[in-house]
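These are the residues of each chain, in order.
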Amino acid sequence: MDISFFTAAIVAGTPLVYAILGELITEKSGQLNLGVEGMMLIGAVIGFKVAIVTSNPYLSLLGAIFAGGIGALIYGILTISLRANQIVTGLALTIFGAGFASFTGQGLIGEAVPQNIKLFFENFQIPFLGDIPVIGPIFFNQGILVYMGYLSTIIAGLYLYRTQIGLNLRAVGENTAAADAAGVKVSFYKYIHVLIGGLLCGLSGAYLSLVYIPSWQDNITAGRGWIAVALVIFCKWNPFLVLCGAFLFGGLDIIGFRIQKYEFNISQYLIDLLPYVVTIIILILISARKSQLGAAPANLGATYFREEK
Amino acid sequence: MTMLRMASRTDCSDKEAAIIRISAILLAFLFAAFFIALLGHNPLSVYSSMIEGAFGTVYRIKETIIKAIPLIITSLGISLAFKLKFWNIGAEGQIMMGAIGATFCALTLKDVPPYILLPLMGAGSIICGGIWGAIPAFFRAKFKTNETIFTLMMNYISLKFLTYLQYGPWKDPEALGFPKIQGFAQNAILPTLFGIHIGWIISLILIVIMYSFINHTKIGYEINVVGESENTARYAGINVKAIIIYTIFLSGGLCGLAGMIEVSGVDKTLSVEITHGVGYTAIITSWLSSLRAPVIAIVCILFAALVQSGTFIQMAFQIPQSAAQILQGMILFFVLGSEFFIRYKLSYIRKKKVEEL
Amino acid sequence: MVNISKSFNNVEANKNITFCVNYGEIYALLGENGAGKSTLVNILSGVYRPDSGEIYVHGEKKRFGDPRDSINSGIGMIYQHFKLIENMTATENIILGQKLGHIINKKKLRKTIIDISEKYGFKVDPDKYIFDMSVGEKQNVEILKVLYRSADILILDEPTAVLTPQETEKLFKILLKMKEQGCAVILITHKLQEVMDISDRITILRNGEVVDTVQTSETNQKDLTAMMIGKSIDLSIERHPILEKEVILEIKNLCLVDRDGVKRLDNISFQVRSGEIFGIAGIAGSGQKELCESIQGLERRKKGQILFKGEDIARLTTREIFERGLRISFIPEDRLGMGLVPTMDIVDNVIMKDYYLQKGIFLDRQPARIRSEYIVKILNILTPGINYPVNRLSGGNIQKVLLGRELDSNPDFLITAYPTRGLDIGSSRRIYNELNRQKMKGIGILYVGEDLNVLLNLCDRIMVLSQGKVMGIVDASRMTNEKLGFMMLGGKE
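Residue numbers (this note's numbering), protein chains in the order written: chain L, 1 to 309; chain C, 1 to 357; chain H, 1 to 493.
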C-alpha cells in the first residue's frame, strides 16, 4: 500500500460523503428516504447532460443539485403532505430514478466530459496544509469537490449541534409531537431538510459522472446510494463521523482494482463483493450492540398527523 | 374563502379504495402522456401501439404471458414478506441465487431424465433463494437488523457472485473465450403447453395455494398477526422469530423458483441478465395489489404488458425501453399519493361561515 | 383581563363551550374522562383547529391555526403526557422552538434558566438529560419551558396524574407562586380534592358541554360530583371477602435485568390467593409491566421462581404454560399494541389464544364465530357485526372484546394492567363489577392500577413497587392515599 492508494480512497469516498450527509440530514428530520440511489442517478445524468451541452462546470453542478432536489421534492410531497409510506416511496423514487437515468443517458453512453470541466475539477494543493508530509498529499492535494466535502461535514455538524435551527430539527426527528407543540413548523422543517438531502445526493451523483468515472455508463451509482443509507447508521447519525465512514468505504471500493497489481489468486469479482459484505457486517454489529444510545432519531420513519390522537 | 381541513377516516370501503387506486393509475398515464407529447410524439398513438405491442398478435400475447410468469411468482414471494412488514427488496438476488441453484443441478446432472432433474432444479432453486432470504431474516429476527439495506446488499453480492461464475468457473470453454455459461441440455428445459412453457400453470397453482395459505391456514393467520403487531403475536404465544425466518425463507424460495423458471423455461442458460429487473418491478406490483394473491395476477399481466410494449415502442418510436420503467415509477408515485385519500378525509369549510358562528 | 370564549359544534367532543379566566387566579376545568377536556385544551394550545368558535386573549380576538399562534399569545401548555425530548438536556428542551438568535450560547442560557427556577422555587439541572429524570423533574422542565417564554396564561392538563401526593404538594406551591406573580393558571383535572384545595373558580364539563361555573368557596365535593356525572352515585366500590385461602400464585425472588443491563425487577416475592384481588401500585415504569409479562411467560430474561398451583412456570413460554392446562389470562396495558390486532375483526381476535390447538394445517373459524357472537351478546359490545375490525370500535368496546376473550377461556388467574384507562365512569364500573364477579368465582386477580382510590377500594392487598423493588405489601382496608404515595416514592413502610 502506498500513499496513492489513500489518495484514491478519498476520491472514491467523496460521493459517499455527500450522499451520507444528505441522508443524515434528511433522517434528522424523521424522514427515512430510501431513494438516495435514485436521486444520485438523476443528479448524475442531469449533471452529465448539462456538462455535454454547455461545457460549463457551474451549470452542470447546479443542474445536478437541482435534479436531486426535484427527486427529493417528489418524495417530500408524497411522504410529508400526502403521508405515504416512507419506505415504499423511497423505493419508488429509486426505481423511477434508475429508469430516468437510463432513459436520459441512452444517447450519452461513450461521451466524455469536456476538457474544461475536467480541468475545473483537477487536483490542486492547498498551501501550507498540503506541505504536511503524508497527510498533505493524501488530504490536501485533491479536487475542489473533495475540499467542499470536508467543509460540508463541518458545516453540517455545527448546524445540527450549535444552532437553534439544528436543535429544532433534531427535535422534529426525535419527537415530532413535542416539537410541534413547542411551535416548530414541523412540515416546513421536514420539507427543507428532505430537500437539502436531495441536493446533496444530486451533487454526489454529479461527482460520480463528472469527476470519478468521468463518462456515462448505465447504473453509474452501482449501489453507492444504498451503502450511504447503511453508513448513516454506521456514523451514528453524527456528521463528524461521516468522513471516516465514507473514506473507509472509498478504500474498500477500490481495493479490488488495486489488488490486481499484486497478482493475488483471487478473482477481482469476488473482491468486488467486499464493500457490500462489510456493509452487512457493520449493520449486524451495530444492531447487535446492546446500548441504544447514539441510536436513530426516535421518530424516524413515522408519519406525523397532528389531529390524530 | 375556503379552508382545507383534514381528518383521518376508517370508513373507506374496498370498492371506494379500488376506484381511487384505479383513478390514480389512469392519472399516471395521463401525466405520462404530457411528457410523451413533450418528446414530440402523439400520446394516443403511443399508447394504442403499446396495447398493440402487448396484445396485438398471438405471439405478442404469448410474450406478455412469458414476461408475466416470473413477475407473478416473485410478487407472490414479496407479498408474503411485505405481509410481515419485512421489506424484502432482495428479490433480485434471490432470483439469481435460485437460478444459480437450478443451473448447478442442470450442469452437474446431465444424464438424469427430465422428470427427475426438473423437480430437483426446482427444489435447488427454492433452497438457494430461500436461504438467501433467510440470512437477513435471521439477523432481523435476532437483532432487528435493518432488512431493507441488508437484502439490497445481498442483491449486489449475488450479482457479483454470478458475474464471477460466468467469467470464471462456469465459463463455457467452447464459447471461444466469450464469457457465457453453457446452454442447458434438453433434459433441463421446461416442457411447454399451448406454446408457452409450463411456468404459467405453476404460477396459476401458486396463486391458488398462496390465497388459501394466507387466509385459511394457521400459519397464514400467524403471519398476519405478526405482520400487524409483533407484540400481540408474542402475547399470543406465537414464536415471532421462527415465523419471520420461515416466512422469509418461503418468500425467498418463491423468488428463487422464479429464477429457475427463467433459466429453464426462457433463457435456457444462465447469465447476469437473468432477472431483467423483475425483482424490483415485483416490489411495485405487490404493493399495487395490496398483497392479495388474485389481484397480483392481474397487476402483473398489466405490468408485463407494459414491459413488452416498451420493447415495441422502442422500435416504432425510438423511445428508449427504459421509458416503461419511468412509467412504472410514476404509477407507483400516483398510487402512493392516492392512498392519502383512502386514509384521510378532506373537507372544505367556508371561512365566512366560521366567522359567523 | 383575559376573556377566552369558545363555542363550536362538533358531534363528539365539544359543544358550545364558553368560559373566561382572569389573571391572578387558579381556575379549574373539571370533568370526567370523555367530558371533552383534552379536546378543549388542544384547541387552546392550537394543536386542534376548532370547527367554529372564537378565542379572546386580552380582549383581543385570536385565531389559533397552529401551536405557534397560541404560544405567541402568551399561552403556555403543560400536557399530561409530557412533550419532552428524552434524548436532549433540560436546556435544549426549554429553548426548543425559540427564535432567540441562531447560535446557541450555553452559558447565558444556563444562567437565565437558573434565575427563573429560583424565582419560582424549583430546582432543575439545566444539563441533565430528560431520560435521567424523575416524573416530577420532567414536569418542572415543562413548566420552565413555559415560563422561559414568559407565558402569562398557564394550562395544566391532569398535572397530578403521574405524581405522588408529595410531588403534587410541591407542584401546588409553585402554582400558588405563579398566581401571586399575576399569572392565570388553568388546571384541568378530574380529581375533586385537588380542585377544592387549590382553585378559585371551577367550570364543570360533562359530555362536551359546560354544566356550570362556580366559586370554589361556595361549593363542596358532593355537589361537584353530582354536576360531573349527572346524577349522584356512590363512588365506593364494593369489596367482597376472600372466600378461599388457597395460594394460587407464589413468586419467589424474581429478578429481571433488561437488554441494556438495567435492573427492572429486584428480588420480588409475594403470594396471591384464589379469590383475591391483589393490587400493584407504583409510579409509571416501576416494573409493573415487566412483572406482568414475566408471569405470563413473555419475559424470558428473568431469574427466580414463579409457582403457579405449585408448579414452577418461570422457565416456560406462554404457550407451554397454556399447554399444561394452566390458564393465565392477561389484559395488557396497551390494548391495541398488545393483546389485540387492531386491523383484524372480532372473530380473528377471539381465535388468537387457542387457534393452534386445532388439528391440521387449516384454520376453522366457525367455533370462534360462535364464541364471538356470545361475547358480543353478554358484554353488550356495540358493533355492526363480528366481522368488524376492532380498531373501528370505541375504546370501551375494544376493552370489552379483550376482556371477553380472556374471561371466555375460564382462567384460573387474571392479570390486568390499567384495565379502565381511558374509559368513562360507567364502563369502568362495569369492569370493576366484572372483576369482583370473577373474584367470587375463586379466580386470583393481579390488578395493576394507577388511581390510588380504586386500588384502595377494589383490592384486598396492595404491593407497592418502586424502581423494581417491593416497598411493602399492605392491607388495603387499613391504608391511606398519603401512605401509599410515600411508599411509591421509595419510602419504606
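In case anyone wonders, no lab produced these hints; they're calculated from the structure.
Heads up, the beta-carbon is just placed ideally off N, CA and C, and yes, glycines get one too.
You may find that some hints are simply not true.
[What the hints assert, rightly or not] Some, not all, of what chain L presents toward chain C, calculated at C-beta under 10 Å:
#1 Ile3
#2 Thr7
#3 Ile255
[Stated by the list, open to error] Residues of chain C clear of chain H, computed beta-carbon distances all greater than 12 Å:
#4 Ala175
#5 Lys218
#6 Tyr221
#7 Ala233
[Said to hold, decoys possible] Okay, the calculated beta carbon distance ranges per label pair:
#8 C:Arg343 to H:Asn481: 12 to 20 Å
#9 L:Ile165 to H:Asp115: 23 to 31 Å
#10 C:Leu107 to L:Ile281: 26 to 34 Å
#11 C:Thr108 to H:Gln366: 44 to 52 Å
#12 H:Arg110 to C:Phe35: 24 to 32 Å
#13 H:Ile378 to C:Tyr47: 43 to 51 Å
#14 C:Ile298 to L:Phe124: 39 to 47 Å
#15 L:Arg162 to H:Lys263: 47 to 55 Å
#16 H:Val257 to C:Lys85: 47 to 55 Å
#17 H:Lys263 to C:Ile298: 13 to 21 Å
#18 H:Pro389 to C:Phe143: 40 to 48 Å
#19 C:Tyr47 to L:Asp2: 39 to 47 Å
#20 C:Leu107 to L:Ile135: 46 to 54 Å
#21 L:Pro127 to H:Lys263: 53 to 61 Å
- request: Quick one: which hint numbers does this structure break? Sort them smallest to largest.
  value: Hint check: 1, 2, 3, 5, 6, 7, 8, 12, 13, 14, 15, 16, 17, 18 and 19 fail, others pass.
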